[in-house]
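> Chains as they are written, first to last, in the working numbering: chain A, 1 to 303; chain B, 1001 to 1628.
Note that these hints are calculated values from the structure, not bench results. Each hint should be verified, as a subset may be incorrect.
[Stated by the list, open to error] Below 20 Å or equal to it, Euclidean Cα-Cα: the simulated EDC-like pairs (lysine to aspartate or glutamate) are:
| # | chain 1 | residue 1 | chain 2 | residue 2 |
| --- | --- | --- | --- | --- |
| 1 | A | 50 | B | 1296 |
| 2 | B | 1281 | B | 1294 |
| 3 | B | 1139 | B | 1175 |
| 4 | A | 162 | B | 1034 |
| 5 | A | 50 | B | 1294 |
| 6 | A | 56 | B | 1294 |
| 7 | B | 1105 | B | 1017 |
| 8 | A | 162 | B | 1087 |
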Amino acid sequence: MVDGQRLSHLQALEAESIEILREVAASFERPVMMYSIGKDSSVLLHLARKAFYPGKIPFPLLHVNTTFKFREMIAFRDRTAEEYGFELISHTNPEGLRDGINPFDHGSSRYTDIMKTQALRQALNAGRYDAAVGGARRDEEKSRAKERVFSHRNASHAWDPKNQRPELWRVFNTRLHPGESMRVFPISNWTELDVWTYIYAEDIPIVPLYFAKPRPVVERSGTLIMVDDERLPLAPGETPRMETVRFRTLGCYPLTGAIRSTAADLPSIIMEMQASRTSEREGRLIDSDSVGSMEKKKQEGYF
Amino acid sequence: MTLAMATPDTDLDLWLEQQTGKSLLRFLTCGSVDDGKSTLIGRLLYDSQLVLDDQLASLRNESRNRSVGEEGIDFSLLVDGLSAEREQGITIDVAYRFFSTHKRKFIVADTPGHEQYTRNMATGASNADLALVLIDARKGILTQTRRHSFILSLVGVKHVVLVVNKIDLVDYDQDVFHRIVAEYRAFAEPLGFKTLQAVPVSALRGDNILRSSERTAWFNGAALVPYLESIEVAEDRVAADFRFSVQWVNRPNLDFRGFSGTVLSGEIAVGDEVLVAASRKLAVVSRIVTLDGDLDTAIAGQAVTLVLDREIDVSRGDVLARPGKVPEFSNQFQARLIWMNEEPAYPGRSYLLKLGAQVVPATITDLKFRTNVNTLENGAATKLDLNEVGTVTIATDRAIAFDPYANNPLSGGFILIDRLSNATVGAGTVSYGLRRAQNLTYQTFDVNRQVRAQMKGQDAQIVWFTGLSGSGKSTIANLLEKRLTAEGRHCYILDGDNVRHGLNKDLGFTEAARVENIRRVAEVARLMADAGLIVIVSFISPFENERRLAREIAGGVRFTEVYVDTPLSVVEQRDPKGLYKRARAGEIKNFTGIDSPFEVPEDPEIVLHGGDETPSELADRLHAWLKI
Ligand SMILES: Nc1nc2c(ncn2[C@@H]2O[C@H](COP(=O)(O)OP(=O)(O)OP(=O)(O)O)[C@@H](O)[C@H]2O)c(=O)[nH]1
Ligand SMILES: [Mg+2]
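Bound-form chain A, shown alone (with noise of 0.2 Å):
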């Protein structure tokens, strides 16, 4: 572990990532892990698993099912969590289960707002967590990059990015006023690229639709969707073909663009990914919506 009298970048990185899970669990009443699946999340299990051990994750992981997750995903959603035996709590919006509600007929934003948003503060909510632990990265996003490692929510789950407070070296305020809770952000300092190599180096499983395989997809406006399951409509003359592509971020299958690649492994998923000109968020097609989208979204609760 110890190359020479220096921590290498990957294991400074890993030691202050332990260093704020291990005070989510000692500071905060009800402490939950978000867990998305990604391979941030894969990466943030890993190293709570690393924080805890010998011991167990002192908290439960949080999926927020909007119940148009690739089928992949939650397969391997369930055998991570026998085989590490960690607590998963899976929440569904009832009432947008109930309204069908889905983003052919109701839009991406409506969709996302329901299912993911506000599904997200029903299941907070529920548990009355008080911290939240996500693994967002300063360098996905703009408005992320001004986010805090602890940062702070009002009761209405609501960040005020005019006002965080103050977070000097490595000491965190994790005090909260009754109601209110804190989004907390372990792998803050991490790169795209960090997260690769540490995935790399430490051998972590990640979901498969990260490597590229033949699957069935749909062109739409410059977009590949994969065909998941029968619940997508396809326009009259539209027929799923057979393309070798892989996911830069996965999330909803629908909302979710691949991209043409022959990476089949880590190596060439760093190599790819050292050559490209686009960023990962660019597979998104919630983000792109407008300037700003991100902060809004981040103020009415998304993580």
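For chain A, the structure is supplied; the task is to place chain B with the ligands on it using the hints.
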């Protein structure tokens, strides 16, 4: 570089090794508003090809109608990520951005220049090794330039690059550059930076950023990026004394008890003897546990779990060190404090202090002086306002372990938290411990409070009245005293009349004086209670903080907070001394309820509704409740 750079497709493992083997430089930009900090960072990201195609497209769009360089881009938009920032064209909060060249990785914190957001600058500076201090060549050194430089020295940033920006707007004039550099060097001399390099740049046009510009042929120093790539900033944290901060006691089952935390400095090996700073208990490290297997040694920066060879009491907040090389352990120290809250800092107020994993109530006992950021001179002060820096003594409720910040930033930096709002109101760096209080162990006489009170046949205690002027505090207090005295109790009333004219006659009515007033009264009440008396205190005491302070000073003495809740409309109507009328007329300033707030008690023991019942009924009610 002698080594050929690998590429991911020729040799991934070698390439990754080179990537992860690169050293990391954390730096920040600071300086006055609009000096071009964000533009500079945007420029750095752009020039190091980190702006990806999809981001560039939306950037071009957004840059319309803004001041742009030849590339048609307002570079500050790359970092000013909040809508409010883009609307107002200023930075509000720090942005963290990441980039790397083939020599080094960088994490840069772009901080706001606006004075209002100085605390966010301090946030960015606290984790940085180097600072770019920006200056607008047309404006020269401004107050904010000085303030930021002072904060840099306060949080221990040792390396500074003076970036004289907008050199294009002064026609690349070397005289302007040299004049600014000379003036800054003279100012910064006492701040003790290890290195101070200056470079003329145009962030907007890209001069002297990646490479030296022909337009400044007179400048023979390195361009900015080459300089950042080569400067050596690493502090050897491993060579320092061993400190381990216990964050979490790991106790999954009866057979395992480990202490999880981070090695703040130094190193530790299995078989080493360690000492708990607080209890001075010794033990030997028997295992260093990680998920990847046990380690033989752990060094500064590593997060591990230590197992000790014997059962000693260790809990969260404890600091482990080597015998003979222990941190200071005291309940008093001197520190430099930067104030971050709109509500000023007054000596006597109580806050929560967090240092490492230690959280403890603390009081600013003395404000020794305030530092003028323009002249760096120290002057007397009674309070610290937002963004001011002072030198203070701090007393904590119980002793904590710390090091002088200069020796060890991770065990010498702390924050102060307001106990009502939970806001982070101040950040401080320990200068040195004050041993005085530590050695002054309170004499525990055989004759103590209990003994004295027993002789009087009573429970010594403090009954603290709070409420608006004219709410009925004194009337009820007097009735209560009469009743108790009739029953053979020994009481004493402290109120404005007997304290203001004697003990506290040197105090006026400013906020600082009011805090001190209450502190003295509370101390006297405590002494009288120690003497065995029932002390009845009747002061408006409008602030929750002071009432809490009084309760803390009371220590183990029974303390009853009586809130006489008489509505303002009623007391204004009564106005026995005509004070409200004069306050309304503006003749009396800072009058509670009129132009100075009364903070309703959060959790008083008993509330008396002054508008509803007569003083005599209320005194009966209180008397019965107290069961004295
Ligand atoms: N001509 C010229 N203009 C510049 C240069 N650098 C910055 N500017 C302009 O100066 C203005 C302020 O730039 P910002 O980068 O927002 O300044 P800042 O220091 O980040 O400001 P705050 O963060 O709000 O303190 C913008 O209009 C820039 O285009 C430069 O080198 N030359
Ligand atoms: Mg700026």
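> A separate judgement is required for each hint: does it hold in the structure or not?
Tested hints:
1. A hinted pair counts as satisfied when its Cα atoms are at most 20 Å apart, and residue 50 of chain A with residue 1296 of chain B qualifies at roughly 17 Å.
2. At roughly 24 Å between alpha-carbon atoms, residue 1281 of chain B and residue 1294 of chain B are farther apart than 20 Å, so this suggested pair is violated.
3. Only pairs whose Cα atoms come within 20 Å are accepted, and residue 1139 of chain B paired with residue 1175 of chain B is accepted, the gap being roughly 14 Å.
4. This hinted pair checks out: residue 162 of chain A and residue 1034 of chain B have alpha carbons roughly 18 Å apart, not beyond 20 Å.
5. As the CA atoms of residue 50 of chain A and residue 1294 of chain B are separated by approximately 12 Å, the hinted pair is consistent with the 20 Å bound.
6. For the hint pairing residue 56 of chain A with residue 1294 of chain B, the CA-to-CA distance comes to about 17 Å; that is within 20 Å, so the pair holds.
7. Taking the CA atoms of residue 1105 of chain B and residue 1017 of chain B, the gap is near 13 Å; set against the 20 Å cutoff, the hint holds.
8. Of the supplied pair hints, the one linking residue 162 of chain A and residue 1087 of chain B holds, its CA atoms being roughly 13 Å apart against a limit of 20 Å.
When held up to the earlier numbered hints, the structure conflicts with hint 2 and nothing else.
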